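J.: Listed below are the residues making up each chain.
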Amino acid sequence: MAKYLLIESRDPFESNDVPYFYELASGLAREGNEVTLFLAQNGVLAARGTKAAALKAVADAGVQILADDFSLRERAIGGGLPAGVKASPLDVVIDQLAEGRKALWH
Amino acid sequence: MAKKILNVIESAYRATLEEQDDTIVWLTHAMKGAGADLGVLLRGNAVNYAVKGQDASGLSFGERKQTQPPRLDEDLGKLLPKGVKVMLVQEDVSERGIETSQLIGGVELVARASLPKLFGGYDMVWHW
Amino acid sequence: MADKKTLTFAIMDPPYENPRTTTVLRLVDLAVKRGYDVNVFAYEGAVNVPFAKQTPHANAVHGRDVEQEDHPNPKDWVAALYKEAEKRGSKIDWVQCGLCVDERGAGEFIAGPRRGSPADFVKFAEESDNTLVIPTK
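Protein chains in written order, with our numbering: chain A, 435 to 540; chain U, 93 to 220; chain X, 20 to 156.
Only chain A is shown next, with the shape it has when bound in the complex:
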């Protein structure tokens, strides 16, 4: 099976296409792939409020969900991230690109 890095830069409040990307991440994980969903820019807004449940569903499918710590701080999203979502430095993207993961930016 393969390894994937999916970077979500859009937020589900503004873009109704975000659920496609979340479902893609979940689907890839269900197929047995190792998947990281990395939230960046406004993508981290999903980690607060009414859309957090959607992220939980993705985590429950076996996807590792990371949120860019700079993007979180920039938007004053502090502690209390939803279960399954961890703050992370952007370095992880470089790690996973260097690892050779199939990388998609949305």
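I should point out that these hints are in silico values taken from the structure, not numbers from a laboratory.
This structure is a prediction, so every number in the text was calculated from the model and none was measured.
We put the beta carbon where it would ideally sit given N, CA and C, even for glycine.
Among the chain U residues that face chain A by a calculated CB cut under 7 Å, a handful are:
| no. | residue |
| --- | --- |
| 1 | P208 |
| 2 | V217 |
| 3 | H219 |
Over the 12 Å line for every Cβ pair with chain X, so calculated as not near, a few chain U residues:
| no. | residue |
| --- | --- |
| 4 | R156 |
| 5 | L172 |
| 6 | S186 |
| 7 | I196 |
| 8 | S206 |
Place chains U and X on chain A using the hints.
T.: What follows is chains U and X alone, placed relative to chain A:
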């Protein structure tokens, strides 16, 4: 052997009038010409590129007329004889009220649920 | 370096319009600091990122003069990345899509980036360890 690359095109009619092309369909042609091994998946609004009969002709600004309007359905179709597989997400087509009879020939409809498996068949998947 | 990698980024956004430009430069910065070689294929509006004629300005709303405002011009960030790469023993190969440069009149760009074509991008993708495409919206 060249890496197998899937170009996923979702943004539609972004700058197609002043470019006279879709920039990613165009790039796909150019990359194919440079030896890349490519497939194309249209999703979201970009599935409309495969609809026959799009007509963007007649644009003018003052006396300046556009003489080469984009012909996106033709440009897409021209990928096929170059060996580029062109696929469309089935649900995105039907949700937009597009009948399969309205589509150019040679394109393949794929179910949204099959995308993970489809992506597995490529070395790189690029979202445009 | 034992684990030297080469990463390719394809970008499309002009500066000052959305956060993707900054995020990409952050990624290049991180890669270069690891000593990785980095390729950038600047397509469409992204050819304006290293445009040489960007100039800083004052900020009257905040009461800051030019010097105080220290307003970033992305061309300076790009130049700084080239400098960092040199310091770290890594290489940046930044290709500006030539037709994109022409149609935008963006031919004056800083030293470092070079004019090229999609063929360069194909070569980058084939020869690098990985490629990340960051599209515009």
